[in-house]
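Engineer: Protein chains in written order, with the UniProt record's numbering: chain A, 1 to 213; chain B, 1 to 213.
The set of hints was computed from the structure by calculation and includes no laboratory data. Treat the hints loosely; a few may be bogus.
Claimed, not checked - Here are the simulated PhoX-like cross-link-like pairs (lysine-lysine), alpha carbons at most 25 Å apart as the crow flies:
no., chain 1, residue 1, chain 2, residue 2
1, A, Lys130, B, Lys130
2, A, Lys130, B, Lys70
3, A, Lys70, B, Lys130
4, A, Lys20, A, Lys98
There are 2 protein chains.
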Amino acid sequence: MSSIATNAREASAGANDSLKSEFVAFKTNRIIEVASNLFYQRGYSSCTLDLVADNLGVTKPFLYSYFKNKEAILAAICEVGISESLAVLEATLADEHKTHRALLTEVVRQVGRIVIERQEYVVVYQREMKHLSATDHNRILRMRASFDHQIAELIREGVEAGEFREDTDSFVAVWIGGLISWIPTWYSPGGQRSSGEVIDQLVTAALRLAGAE
Amino acid sequence: MSSIATNAREASAGANDSLKSEFVAFKTNRIIEVASNLFYQRGYSSCTLDLVADNLGVTKPFLYSYFKNKEAILAAICEVGISESLAVLEATLADEHKTHRALLTEVVRQVGRIVIERQEYVVVYQREMKHLSATDHNRILRMRASFDHQIAELIREGVEAGEFREDTDSFVAVWIGGLISWIPTWYSPGGQRSSGEVIDQLVTAALRLAGAE
Chain A
1 MSSIATNARE
11 ASAGANDSLK
21 SEFVAFKTNR
31 IIEVASNLFY
41 QRGYSSCTLD
51 LVADNLGVTK
61 PFLYSYFKNK
71 EAILAAICEV
81 GISESLAVLE
91 ATLADEHKTH
101 RALLTEVVRQ
111 VGRIVIERQE
121 YVVVYQREMK
131 HLSATDHNRI
141 LRMRASFDHQ
151 IAELIREGVE
161 AGEFREDTDS
171 FVAVWIGGLI
181 SWIPTWYSPG
191 GQRSSGEVID
201 QLVTAALRLA
211 GAE
Chain B
1 MSSIATNARE
11 ASAGANDSLK
21 SEFVAFKTNR
31 IIEVASNLFY
41 QRGYSSCTLD
51 LVADNLGVTK
61 PFLYSYFKNK
71 EAILAAICEV
81 GISESLAVLE
91 ATLADEHKTH
101 RALLTEVVRQ
111 VGRIVIERQE
121 YVVVYQREMK
131 HLSATDHNRI
141 LRMRASFDHQ
151 IAELIREGVE
161 AGEFREDTDS
171 FVAVWIGGLI
181 SWIPTWYSPG
191 GQRSSGEVID
201 QLVTAALRLA
211 GAE
């Protein structure tokens, strides 16, 4: 949850405020970490807030001081993967000195790392999104659309710059997003392929889809 | 559920038996169709067999004469996509006169059609697989592994035949499987792209991944 913690840190001004924010971020992160693991193992519908509180060794009122209800915890879990991916995408695209090929490589490599690191969160999102409120669901969809749109722009510009094959439809961004999103459902840490190998293959696959090889 | 119905038909010998089998297949298919829609809308854990029976206008004992429990209905739903895909794959690969490129194109096109047609079933599988018994879960995993393995073989042979780029790792089969499996989570019937366009793009993407263009 490093990015959430960082955001919380940066948002506060004074040293005491900063420390307090860090505590809040730490507790928030622990709640969503433990809740995510329970939702992942047992399914969202089968988990009560009592169960989440028990597993954290806290009371239910303690949870309510951080999240207004169980759905708010789910929303926080579902947002981690896409919000970290968007942050990485925007930071990477800010480097104007790189080729489109290098930018695509860098984004895909970093986002691949995020979905592997956040595997449980991403799977919980994919399985349980129907339990999100319309507001949370739409906010996350807008973030995903923004990600796809920026990758599509990068590909369109790369085609114009002559770096990617000219018959490449920028909609291929959605297929690249699919490759990335699919990893958490089949990748198994400690399995036959290391995360490094999986990410190398992902980059190769994304470059082929973009017509960059 | 055409393939299930066909299997049921072929399994029976006499004309009366055949008719009876057709009735059984018809009812089985209706049960999993209605149950799939309920699981899709409300989640597996939130649906009772009473709810399924109510929606079919039948009694719970009627359901028990076709499925031993709710998990058996889930298993039947989860198996549709992969069993139809395997059938299509094996029928296609039986044509020895085609090039590897033509075989890959044909399989991907047909399996793409299946996952779009069976969208709800595939999404229910992806979301609810954790509720499958170990036996059902492993049987379906073996079917998926067989599908990936046969696509990997096709690609390996295509590389040897000089049809696909020689630096293509046959593990790319898993990424092609990912492209296909991802469609049901983002494709929306009646949305911006027709199913025909999506399938054309899927074929282009799979050929690029295989280094066949």
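Engineer: For the pair we were handed, Lys130/A and Lys70/B, check the Cα-Cα distance against 25 Å.
Structural biologist: holds (21 Å)
Engineer: Against the 25 Å threshold, does the CA-CA distance of Lys70/A and Lys130/B hold or violate the hint?
Structural biologist: holds (21 Å)
Engineer: Taking 25 Å as the top limit, are the C-alpha atoms of Lys130/A and Lys130/B close enough?
Structural biologist: holds (17 Å)
Engineer: Sort out whether Lys98/A lies within 25 Å of Lys20/A, counting only the CA atoms.
Structural biologist: violated (39 Å)
Of the hints listed earlier, the one the structure fails to meet is number 4.
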